[in-house]
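Student: If you want the building blocks of each chain, they are given just below.
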Amino acid sequence: MSELITILKSELTITAIIFILLFIKLGKGINNGTLLGIIQLLLLVNFIAGFFMNYEASAFDTMYQTSPMIAFQKSILNLGVYLISLLFADWFKKTEHLAEFFILMLSALLGMFLLLSSGNFLMFYLSLELATIPVAALANFDLQKKVSSEAAMKMILSSAFSSGILLFGISILYGVTGTISFAELPALLNGSTIQILALVFLFSAFAFKLSIVPFHLWTADVYEGSPFAVTSFLSVISKGAIAFVFVSTLYRVFEPMHVVWYNMLMVLSVITMIVGNLFALRQQNIKRFLAFSSIAQVGFILVAISSNSVTQGIPSVVYFVLIYVFSNLAAFGVAATLAAHSGKEKIDDYKGLYQTNPFLSWILALALFSLAGIPPTAGFFGKLFLLTAGASQANYAFITIAALNMIVSLYYYLRVVRSVFMDKNDNPISKAVIDPFTKFGLIICGVGIVCTGLVSWIYDYIVSLLN
Amino acid sequence: MNLLLLLLVPLLTALAVLVMQNKQQIRWAAFIGASAQLALAFGLYAAYQSARHAGQTAAFVFEKKYNWFPDWNISLHFGVDGIAIAMILLTAFVVVAGVLVSWNVEKMTKEFYFLLILLSFGAYGFFISLDLFILFFFLEIAVIPKYLLIGIWGSGKKEYAANKLALMLMGGSALVLVGLLGTYFGGTGKTFDLLQLSSIHIPVATQMICFPLLFVGFGVFTALFPFHTWVPDGHSSAPTAGSMFLAGISMKLGGYGCLRVATYMMPEGAKEYANVIIVLSSIAILYGAFATMMQKDLKYINAYSSVSHCGFVLLGIGMLTKTAMTGAVMQMVSHGLMTALFFAVIGMIYERTHTRQVNEMGGLLKVMPFISTVLFIVGLCSLGLPGLSGFVAEMTVFVGSWQNADAFHRIATIAACMSIVVTAVYILRAVGQTAMGPLKAGYSNLTDAKWNEKLAAIILIVGILIIGIAPFLLNDLIKPGTEIIMQKIQAVR
Numbered sequence: 452m453s454e455l456i457t458i459l460k461s462e463l464t465i466t467a468i469i470f471i472l473l474f475i476k477l478g479k480g481i482n483n484g485t486l487l488g489i490i491q492l493l494l495l496v497n498f499i500a501g502f503f504m505n506y507e508a509s510a511f512d513t514m515y516q517t518s519p520m521i522a523f524q525k526s527i528l529n530l531g532v533y534l535i536s537l538l539f540a541d542w543f544k545k546t547e548h549l550a551e552f553f554i555l556m557l558s559a560l561l562g563m564f565l566l567l568s569s570g571n572f573l574m575f576y577l578s579l580e581l582a583t584i585p586v587a588a589l590a591n592f593d594l595q596k597k598v599s600s601e602a603a604m605k606m607i608l609s610s611a612f613s614s615g616i617l618l619f620g621i622s623i624l625y626g627v628t629g630t631i632s633f634a635e636l637p638a639l640l641n642g643s644t645i646q647i648l649a650l651v652f653l654f655s656a657f658a659f660k661l662s663i664v665p666f667h668l669w670t671a672d673v674y675e676g677s678p679f680a681v682t683s684f685l686s687v688i689s690k691g692a693i694a695f696v697f698v699s700t701l702y703r704v705f706e707p708m709h710v711v712w713y714n715m716l717m718v719l720s721v722i723t724m725i726v727g728n729l730f731a732l733r734q735q736n737i738k739r740f741l742a743f744s745s746i747a748q749v750g751f752i753l754v755a756i757s758s759n760s761v762t763q764g765i766p767s768v769v770y771f772v773l774i775y776v777f778s779n780l781a782a783f784g785v786a787a788t789l790a791a792h793s794g795k796e797k798i799d800d801y802k803g804l805y806q807t808n809p810f811l812s813w814i815l816a817l818a819l820f821s822l823a824g825i826p827p828t829a830g831f832f833g834k835l836f837l838l839t840a841g842a843s844q845a846n847y848a849f850i851t852i853a854a855l856n857m858i859v860s861l862y863y864y865l866r867v868v869r870s871v872f873m874d875k876n877d878n879p880i881s882k883a884v885i886d887p888f889t890k891f892g893l894i895i896c897g898v899g900i901v902c903t904g905l906v907s908w909i910y911d912y913i914v915s916l917l918n
Numbered sequence: 004m005n006l007l008l009l010l011l012v013p014l015l016t017a018l019a020v021l022v023m024q025n026k027q028q029i030r031w032a033a034f035i036g037a038s039a040q041l042a043l044a045f046g047l048y049a050a051y052q053s054a055r056h057a058g059q060t061a062a063f064v065f066e067k068k069y070n071w072f073p074d075w076n077i078s079l080h081f082g083v084d085g086i087a088i089a090m091i092l093l094t095a096f097v098v099v100a101g102v103l104v105s106w107n108v109e110k111m112t113k114e115f116y117f118l119l120i121l122l123s124f125g126a127y128g129f130f131i132s133l134d135l136f137i138l139f140f141f142l143e144i145a146v147i148p149k150y151l152l153i154g155i156w157g158s159g160k161k162e163y164a165a166n167k168l169a170l171m172l173m174g175g176s177a178l179v180l181v182g183l184l185g186t187y188f189g190g191t192g193k194t195f196d197l198l199q200l201s202s203i204h205i206p207v208a209t210q211m212i213c214f215p216l217l218f219v220g221f222g223v224f225t226a227l228f229p230f231h232t233w234v235p236d237g238h239s240s241a242p243t244a245g246s247m248f249l250a251g252i253s254m255k256l257g258g259y260g261c262l263r264v265a266t267y268m269m270p271e272g273a274k275e276y277a278n279v280i281i282v283l284s285s286i287a288i289l290y291g292a293f294a295t296m297m298q299k300d301l302k303y304i305n306a307y308s309s310v311s312h313c314g315f316v317l318l319g320i321g322m323l324t325k326t327a328m329t330g331a332v333m334q335m336v337s338h339g340l341m342t343a344l345f346f347a348v349i350g351m352i353y354e355r356t357h358t359r360q361v362n363e364m365g366g367l368l369k370v371m372p373f374i375s376t377v378l379f380i381v382g383l384c385s386l387g388l389p390g391l392s393g394f395v396a397e398m399t400v401f402v403g404s405w406q407n408a409d410a411f412h413r414i415a416t417i418a419a420c421m422s423i424v425v426t427a428v429y430i431l432r433a434v435g436q437t438a439m440g441p442l443k444a445g446y447s448n449l450t451d452a453k454w455n456e457k458l459a460a461i462i463l464i465v466g467i468l469i470i471g472i473a474p475f476l477l478n479d480l481i482k483p484g485t486e487i488i489m490q491k492i493q494a495v496r
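If you read the sequences in order, they're chains A and B.
Residue numbering for the first sequence is 452 to 918, as defined by this note's numbering.
Residue numbering for the second sequence is 4 to 496, as defined by this note's numbering.
Keep in mind the hints are simulated off the structure, nothing from the lab.
Every residue gets a Cβ at the ideal spot worked out from N, C-alpha and C, and that includes glycine.
In silico PhoX-like pairs for lysine-lysine, Cα to Cα no more than 25 Å straight-line:
1. K875/A with K113/B
2. K797/A with K160/B
3. K545/A with K795/A
Residues of chain A clear of chain B, computed beta-carbon distances all greater than 10 Å:
4. T513
5. P519
6. I584
7. V598
8. L608
9. F612
10. E635
11. M715
12. M717
13. L729
14. N736
15. I895
For reference, chain A alone in the conformation it holds in the complex:
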């Protein structure tokens, strides 16, 4: 029993937080600031607890599995949610339904935790639903805005569709192998046509969630319509979780069909990078811009996944997602602060920002340089390791395309930097008042962007988790 508690500690804590929030909601009489403080504290506690007592274990007849690596992946997601609770503090304090918001968000997080730990496809499917449906409700949180409802509608329809596809894939797999356990499946996979079909269905479901081209069409609209806190949750936490699960599912379960999914990954990765980049070039709204750039980033993650090497593929993806959490959340945090202050979300509105808001400008620049993969920011190391892992397959054309895509992405990231630092504007956004929580969050992100790369033991630590 006590072992069960240590194994399930992250999930139990999150569940406990959810219940605490429910009771607080019943009792009323607590203001948003205090409530937010409590949530932040509990998340921080869970984050710290995530680093202790991690070992390889399974429960419920291998339905639930955990390992140091999985625990660390959960910690990254937890950190991301903690940062979100800091960065958008301003918005949280004003919203009427703070408790509900976090109940929903933490339910989704709980779903992701279970997803990471799932040891068979039944668990996998249930937790994936738990991770998705609350987010659709979250997308609807700007109750006054029509676009927000539209975003929620698009989100729920597309995820329902992808769930259907996923279930179809799982049932085919069950039909041909007679099992849904991750441990038993590899031995039964032989790459027959029907199994390839099942793989394709599963793959498409993942592609939907990760918004890999051509399954990306919902992304930009949903991102644009949702509140900033939800957009960043979707694009960072959700993407990160699915990327982790994608890697481990491919490596653990579908390893015998490596040749099949390698080719699929390669094609999709190239298309994703190119399309994501080309669309990002033309975006004016900062949310849409970050949405398309995050599509391109996923393309890079696929490069590393294609390596099919547990020792290189998994650590480099985990490392990249960690960096991505810092970089993308920083960019969203700055954009949200500016939007809350001035109501402006267009890249052109950022012209001359450096004159009035140097702190926000530098954080934004750091974040964008990190997303573009320029040293000394951590994004450089993240991207480079992704490409290095991918290059182990000695497919140089693939790597060259990826490397050239970095130039395209640099172009549009520089466009924002140029607006902020170079373009003249007689009427720039005035000096924004930054909430202390937001400022703290942005500083954490900034430090993370600089240090995660230069301090090499963070990567060593991730690798050491494998053993």
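Guided by the hints, dock chain B onto chain A, whose structure is given.
Tutor: Coordinates of chain B only, in the frame set by chain A:
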């Protein structure tokens, strides 16, 4: 001597610049930091000489290795040889001069000096790296400072130029990256360590793919034809110190990379593609020279002539003889000093006349004798007057090229030689029109150089003269380095 000092000093300078309160303090902090770099560079030179006299024969001295990302076999591996020291000295000279000529930058002074120092940090790191990963890291670290320096403090169509430069250099780095990954996995050792990679034999098939990637990638930095197009726009839009750093240091990163990384590691590849390099660099030399003839803007003149002069660097490497390669390195140092001085003078003139058009100036010698004299010196150096560094370097390249006895190499050498005549035409015309003749109206009350500008010019002129009068100093420094590279190439023959 610990090479980390070379990184630490710029880093501390940059931090000092950040904490300073007013503009005067910032300037002095940057200047003191830059002088410390120069002192350190000379200290390194002295230490290197005494280490060699003490009988150290290893290719690289002051080697240090610190673990960094051990899972990828990456380490902070530093070490220098004569070539690296020559480049470090060059960097230190240009940095001091660049800081001095930027004395009256009023717009965002703190950020300006911070980025300038950051740029030098990247250059030092690049030259002392013996691990290809960190070499690449330092190569790219300079992208942000360059972009922002041009975009914020530049002139003309600066945003366009900044973008073009950043993207083209990034494109070069992307090719380098693929080449490096190819060597990492193709070299069987799974290592980025330059010493290990150069001691094993990289499979010929890998060399055939990776050498052109690496050479072209680095070549973009050093204006390899047809990837030179960022040079004129970037240089002419950059602020004075930015142009100096770009042409004096940044372009040399490429030349150094071509030599140290591409040619040293992959002798078979170098031999295979040498003729292509020679053709491209001959085109760059001639095309650059003729394009310069058509320019009327002083900065464009120097930018296009840089394309031509940097062609000699690549030509020297492509000739694959010891003398030519030594000449290539000498040309890097010489061109770095000379072009930095040229841009400095242009900046000084522009600050006073507010034009860079040659035909709008005239007779400046009468009102600014010091600046005009410097302009003469640098012009003469550029066209290769004996006694100045340009002559020494180009002569060495020619002599080395002529050692290849076949018709192809001879023709390329003669073609390259012809550019000297063209150079003489455009330099004399530009310098003559600017400094001589009747003084144009409105220029009569212009002032001559101030102390900081004089100091900057003198420092660079001293460098040019030392190489010009005592070339053996530089030659002796470089030769052991090129010998090692040549040994590898001759082993293939």
